[in-house]
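Quick note, the sequences are listed as chains A and B, same order.
Quick note on our numbering: the first sequence kicks off at 1 and runs consecutively.
Quick note on our numbering: the second sequence kicks off at 1001 and runs consecutively.
Since the hints were made in silico from the structure, they are not lab data.
Computed from a predicted structure; not experimentally measured.
Each hint should be verified, as a subset may be incorrect.
Ranges between beta-carbon positions, derived for each pair [claimed, not checked]:
# : chain 1 : residue 1 : chain 2 : residue 2 : range
1 : A       : Val294    : B       : His1015   : 39 to 45 Å
2 : A       : Glu295    : B       : His1015   : 46 to 52 Å
3 : B       : Ala1011   : A       : Thr266    : 24 to 30 Å
4 : B       : Pro1023   : A       : Glu58     : 31 to 37 Å
5 : B       : Pro1057   : A       : Pro44     : 24 to 30 Å
6 : A       : Gly210    : B       : Gly1031   : 27 to 33 Å
7 : B       : Val1063   : A       : Thr132    : 34 to 40 Å
8 : B       : Ala1080   : A       : Asp275    : 35 to 41 Å
Over 10 Å on every C-beta distance to chain A, these chain B residues come out as not near it, computed from the model [said to hold, decoys possible]:
#  : residue
9  : Asp1009
10 : Gly1070
11 : Glu1086
Quick reminder that beta carbons are idealized off the backbone N, C-alpha and C, glycines included.
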Amino acid sequence: MSFDHDAWEIVVGLEVHTELLTRTKLFSSAINEFGGEPNTHIDPLTLGLPGSLPVLNEQAVELAVRVGLALNCTVQRSVFARKNYFYPDLPKDYQISQFDLPICAEGSLELPNGKVVGIERAHLEEDTGKSTHVGGGGRIHDAQHSLVDYNRAGVPLLEIVGKPDLRSAEDARAYVAELRSVLVAVGASDGKLEEGSMRVDCNVSVRRRGDTELGTRCEIKNVNSLRSLGRAIEYEAARQVDLIEAGERVRQQTRHWNEDDGRTHTLRSKEEADDYRYFPEPDLVEVDPGPEWVERVRAALPMLPAARRHRLSQETGVPLERVALVVERGLDDLCLAAVGHGADPERTVTHAEHNLSDARAGELDPAHFAALVTMETGGELTATQAKTVLAEMVETGGAPAEIAAAKGFEAMDSGELEGIVDGLIAAHPDEWQRYCEGDGKITGFFVGGVMKATGGKADGKAVTALLQARKG
Amino acid sequence: MAERITTDDVAKVAHLARLALTPDELETFTGQLAEILEHAEDIAALDLAAVEPMARPVPLVNVFRADEPGEPLDRDEVLACAPVAEDGQFRVPPVLGEAP
Chain A
1 MSFDHDAWEI VVGLEVHTEL LTRTKLFSSA INEFGGEPNT HIDPLTLGLP
51 GSLPVLNEQA VELAVRVGLA LNCTVQRSVF ARKNYFYPDL PKDYQISQFD
101 LPICAEGSLE LPNGKVVGIE RAHLEEDTGK STHVGGGGRI HDAQHSLVDY
151 NRAGVPLLEI VGKPDLRSAE DARAYVAELR SVLVAVGASD GKLEEGSMRV
201 DCNVSVRRRG DTELGTRCEI KNVNSLRSLG RAIEYEAARQ VDLIEAGERV
251 RQQTRHWNED DGRTHTLRSK EEADDYRYFP EPDLVEVDPG PEWVERVRAA
301 LPMLPAARRH RLSQETGVPL ERVALVVERG LDDLCLAAVG HGADPERTVT
351 HAEHNLSDAR AGELDPAHFA ALVTMETGGE LTATQAKTVL AEMVETGGAP
401 AEIAAAKGFE AMDSGELEGI VDGLIAAHPD EWQRYCEGDG KITGFFVGGV
451 MKATGGKADG KAVTALLQAR KG
Chain B
1001 MAERITTDDV AKVAHLARLA LTPDELETFT GQLAEILEHA EDIAALDLAA
1051 VEPMARPVPL VNVFRADEPG EPLDRDEVLA CAPVAEDGQF RVPPVLGEAP
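Using the sequences and the accompanying hints, generate a full structural model.
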């Protein structure tokens, strides 16, 4: 298996299903909750009992509108449809979904690297029950029988269909991560890939670089983490290139990702499996949130990750690609507040990026954080000392000046530092010779020596600068 | 006038709906469906350019329920109605293929 990235291009489009954070199911009052004893979140509608009728959960629509607006979609009049298929995970023998008129159409999502990915649509539908295959080692084709739990059947899902705008496994991972941040930010989903509250199907095709037509795609299911998403795409793209280079052609099919062997496998395709005989659901009326509802939701939306990245970048002058992690950690407000207190923007963001991975970092007092940055930029603390003090601040909530004093971090007198450096040079003439001849590796010897002599109080940068000055 | 529905079309739809039709039934239903579709053709003959398509006859939109939990069904009672139950779950024959 090989993949020559200079000769071939990967084209990926993702369909992400997210369970919506409602209290009850999409069309009935059975509870929507992960886990629980099997078949305890059930009611007549969930089981498709005769005479039961669906009534739409208003909150599911509210959340769908939020997501739609967050993804820059048009929220429109929509119609539910029956998707007919025979499988025991839905007792009615059809799934209520949306077909030609989804609630959200034509949007976009901006990735941290600035790339904008098109969103084709997002539609509401009900989730299915969970089947466990018993016997044959749990493999579906060899199972003796299956057990079905309907707790999940009828849970509201929003299926978000992205356009085939992604060009690498890396892009695809960034897209899912960004979509997850947005879903969590608007309160629509808990974004848990591992628990299956977010599920990703990926459509992969390949084409020779320069080609404008899309190749034949395969749909990959069973991708349960960002890591397996990347692996599955890379495996599948290489498989398709091998086929084409061997003179064969890619068949459009659904394939199953196997995490254990790191391959995709073809699923037995059922005859006419794609003919779902969709028709408008006669038991439900149209949904049309209308301008008033849409504008109310729009006004209440929180600031979204892409806008927060742009704001942080613009207000600090730090490039967009460097602020993504800071926003992901939710530390952008802290940084902006610290900058408001006079802290150097670049150092502030750098600390948030490298030294504030602790979950409690968000509770830092912005004035304290600003004071710390200012102590460092003013030369009162070295970079290493600042890092130590910052960690302690997160731990205890203390003020930087007191922590620095308690640790005995005081700015070194520049004369004292010069004396130590000169002493070290005099004591090690051979090493100094090598330094002067441009042996970069020996720098650490001198910096380390100074640190040892000063008990770590010296500023590494100042030492390096002094060495350079002495070399002349 | 659209093409008349054939026995092949009806056989395909019957298969998708998992209906087993005898050759006689296939003939009968093909004839009946053709009549229904011809009736729809009468409507297609009208000029409806100014009429909005409707998904259903009653002009209702936005019928909702509040997101409030109700009483669940009793599991044991429900499973007692199932042909076979096991471990609190419905036991079904082995399934071929994956859910779509």
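Do the hints match the structure? See the list:
no., hint, in the structure
1, Val294(A) / His1015(B): 39 to 45 Å, "holds, 43 Å"
2, Glu295(A) / His1015(B): 46 to 52 Å, "holds, 48 Å"
3, Ala1011(B) / Thr266(A): 24 to 30 Å, "holds, 28 Å"
4, Pro1023(B) / Glu58(A): 31 to 37 Å, "violated, 50 Å"
5, Pro1057(B) / Pro44(A): 24 to 30 Å, "holds, 26 Å"
6, Gly210(A) / Gly1031(B): 27 to 33 Å, "violated, 56 Å"
7, Val1063(B) / Thr132(A): 34 to 40 Å, "holds, 36 Å"
8, Ala1080(B) / Asp275(A): 35 to 41 Å, "holds, 36 Å"
9, Asp1009, "holds, 12 Å"
10, Gly1070, "violated, 3 Å"
11, Glu1086, "violated, 6 Å"
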